Structures are given as structure tokens and as C-alpha cells.
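Let chain X serve as the given structure and place chain R on it in line with the hints.
Line order of the protein sequences matches chains X and R.
When you read off a place in the first sequence, starting at 1, and then add 10, the result is the number in the working numbering.
When you read off a place in the second sequence, starting at 1, and then add 41, the result is the number in the working numbering.
I should point out that these hints are in silico values taken from the structure, not numbers from a laboratory.
No experiment lies behind these values; they were computed from the predicted model shown.
The reader is advised that the hints may include incorrect statements.
[Unchecked claim] Beyond 12 Å from chain R on every Cβ pair, some chain X residues (computed):
#1 29
#2 38
#3 56
#4 72
#5 74
#6 79
#7 93
[What the hints assert, rightly or not] Computed cross-link-like contacts, EDC-like style, restricted to lysine to aspartate or glutamate with a CA-CA straight-line distance of at most 20 Å:
#8 108(X) to 97(R)
#9 68(X) to 142(R)
#10 52(R) to 65(R)
#11 59(X) to 65(R)
#12 58(R) to 138(R)
#13 108(X) to 95(X)
#14 59(X) to 30(X)
#15 71(X) to 97(R)
#16 108(X) to 126(R)
#17 108(X) to 85(R)
Positions of the beta carbon are idealized from the N, C-alpha and C atoms, including for glycine.
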Amino acid sequence: AQSVSQHNHHVILSEAASLELGCNYSYGGTVNLFWYVQYPGQHLQLLLKYFSGDPLVKGIKGFEAEFIKSKFSFNLRKPSVQWSDTAEYFCAVRSWGKLQFGAGTQVVVTP
Amino acid sequence: GAGVSQSPSNKVTEKGKDVELRCDPISGHTALYWYRQSLGQGLEFLIYFQGNSAPDKSGLPSDRFSAERTGGSVSTLTIQRTQQEDSAVYLCASSSDRVTEAFFGQGTRLTVV
Numbered sequence: 011a012q013s014v015s016q017h018n019h020h021v022i023l024s025e026a027a028s029l030e031l032g033c034n035y036s037y038g039g040t041v042n043l044f045w046y047v048q049y050p051g052q053h054l055q056l057l058l059k060y061f062s063g064d065p066l067v068k069g070i071k072g073f074e075a076e077f078i079k080s081k082f083s084f085n086l087r088k089p090s091v092q093w094s095d096t097a098e099y100f101c102a103v104r105s106w107g108k109l110q111f112g113a114g115t116q117v118v119v120t121p
Numbered sequence: 042g043a044g045v046s047q048s049p050s051n052k053v054t055e056k057g058k059d060v061e062l063r064c065d066p067i068s069g070h071t072a073l074y075w076y077r078q079s080l081g082q083g084l085e086f087l088i089y090f091q092g093n094s095a096p097d098k099s100g101l102p103s104d105r106f107s108a109e110r111t112g113g114s115v116s117t118l119t120i121q122r123t124q125q126e127d128s129a130v131y132l133c134a135s136s137s138d139r140v141t142e143a144f145f146g147q148g149t150r151l152t153v154v
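Here chain X stands alone, though its shape is the one from the complex:
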């Protein structure tokens, strides 16, 4: 079955630490890949997306993600997090129009 897996459910780190969130998917064929973020009390917002071309994509707020086709992965990174990055992060895969999400990773950044 097609699925999206996020490796960590909860991550706690200090400000200025580096962040990497893993995402793997099990779809064949062409996919479009996304990372969304949900800040406390807010709706889901797009962080970045990959459709084709350069597998290293840059998004808003200093986030980037790397698509590794051979590993079916699309990991999210940020070199130095801020307290305001506390949020839930969702990886999503779109295949034939259907958009499927991972279970999410709750990230808490402590001052």
C-alpha cells in the first residue's frame, strides 16, 4: 500500500541546534513532494515543495529539503532553529492527484 512515513514523532532541541526530519514514501512513478507546517493554533502552511529538477529545494524560513529518488526520501533540514520553529511538521506525497500525509513530527524548540 502507498504510504508516507515520518521517522520521529517528537523532537526536542535547543535554539541554534540543527534540525533534520526524515520522510520516506512508498509510491512508484512520478510523485510531487511537500513539507507543510502547522504552528500552534494555525492552519497548515506550505514550507516547500519538489516537483522536478534540482533535488535540493529551498523553502520559507530557512528550511530546505533533499529529494533522494533512490531512497524514496525527502528529508527536511534547517541549520539553526529558532524558538518560533516550534510546530508540527508534515511530509506529504502527491501521486495521481491524491495527496497523502505522514503522521507528523512535533518539534519543540527550547530557548
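Here is chain R on its own, set in the frame of chain X:
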């Protein structure tokens, strides 16, 4: 409209009653999705509409759940004979086609008592 609009924002209903949740997508968006978000459960796919094609209903958890999209725009998610396990935030999203990103509404928080 400027964004995806969902109503009501909050709904409290008694077990066994039917509820209707509404979604107004961004004008011109042909794709519309419904998801259910429960605490610690991520986003559970429910149903996907694309233009005039038959919807992908593969995520609906039971036959108590149904959705329609009238005129390719507004969508209504109906839950019949609500149960306590139906309590969750129901999210709607729309996108301009099969490829681009989806934009989300604020959701409807459903509480079944």
C-alpha cells in the same frame, strides 16, 4: 475567495445525530480534499474530488461518512449517526490542479458528546 473557508469552525453534537461540514475552496480550484486530524494521529485522508471525475472515496472510514461537491465548488462532508470516535478536526484543502500544492482551511472542530 481569498482562501479556503470552512464552516462551522466548531461543532458540538450529541451522539447519534447527523452533522454537515462545509468547505468553500479557493475560486477556480479544481481539486478538493477532506482530511481528519485527531490528536497524535496526523492527517487521515478521507476523500478527494478532481473536476468532474468520480471522487476518490478510499479514505472514508465507514458508510456513515459521505461527501459531495456541488457545481465543482462548495463541498459538504456529512457524518450520519455520529459516534464519539468521530470527534476530531476536519480539514478541507483545495488546489488548482493535480500537481500543485494544496491550500488548507482552518478546519472544523467536531466534538461528539
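Going by Cβ atoms, does residue 29(X) stay more than 12 Å from chain R at every point?
Per Cβ check, residue 29(X) is outside 12 Å of chain R; nearest 19 Å; holds.
Non-interface claim for residue 56(X) versus chain R (Cβ beyond 12 Å)
At roughly 5 Å from the nearest Cβ of chain R, residue 56(X) sits no farther out than 12 Å, so the non-interface label is violated.
Could you grab the alpha-carbon distance between residue 68(X) and residue 142(R) and see if it respects the 20 Å cut-off?
holds, 15 Å
Do the alpha carbons of residue 108(X) and residue 97(R) lie within 20 Å of each other, as the hint requires?
Given that 20 Å is the threshold and the Cα spacing comes to 8 Å, the pair holds.
Restraint check for residue 58(R) with residue 138(R), where alpha carbons must lie at most 20 Å apart
Judged against 20 Å, a Cα distance of about 35 Å means the pair is violated.
Assertion that residue 79(X) lies outside the chain R interface [Cβ separation over 12 Å]
The claim holds: residue 79(X) sits with its nearest Cβ about 17 Å from chain R, beyond 12 Å.
Has the given pair, residue 59(X) with residue 30(X), been kept, meaning a C-alpha gap of at most 20 Å?
Within the cut-off at roughly 16 Å; holds.
12 Å Cβ clearance of residue 38(X) from chain R:
Per Cβ check, residue 38(X) is outside 12 Å of chain R; nearest 17 Å; holds.
Please work out if residue 52(R) and residue 65(R) have their alpha carbons no farther apart than 20 Å.
With a Cα-Cα distance of about 17 Å, the restraint between residue 52(R) and residue 65(R) holds, given a limit of 20 Å.
With the threshold set at 20 Å, check whether the alpha-carbon distance from residue 59(X) to residue 65(R) stays at or below it.
violated, 24 Å
Could you grab the alpha-carbon distance between residue 108(X) and residue 85(R) and see if it respects the 20 Å cut-off?
Within the cut-off at roughly 12 Å; holds.
Holds or violated: is the Cβ of residue 74(X) farther than 12 Å from all Cβ atoms of chain R?
Per Cβ check, residue 74(X) is outside 12 Å of chain R; nearest 17 Å; holds.
In summary, the structure is inconsistent with hints 3, 11, 12, 13, 15 and 16 from the numbered list given earlier, while agreeing with the others.
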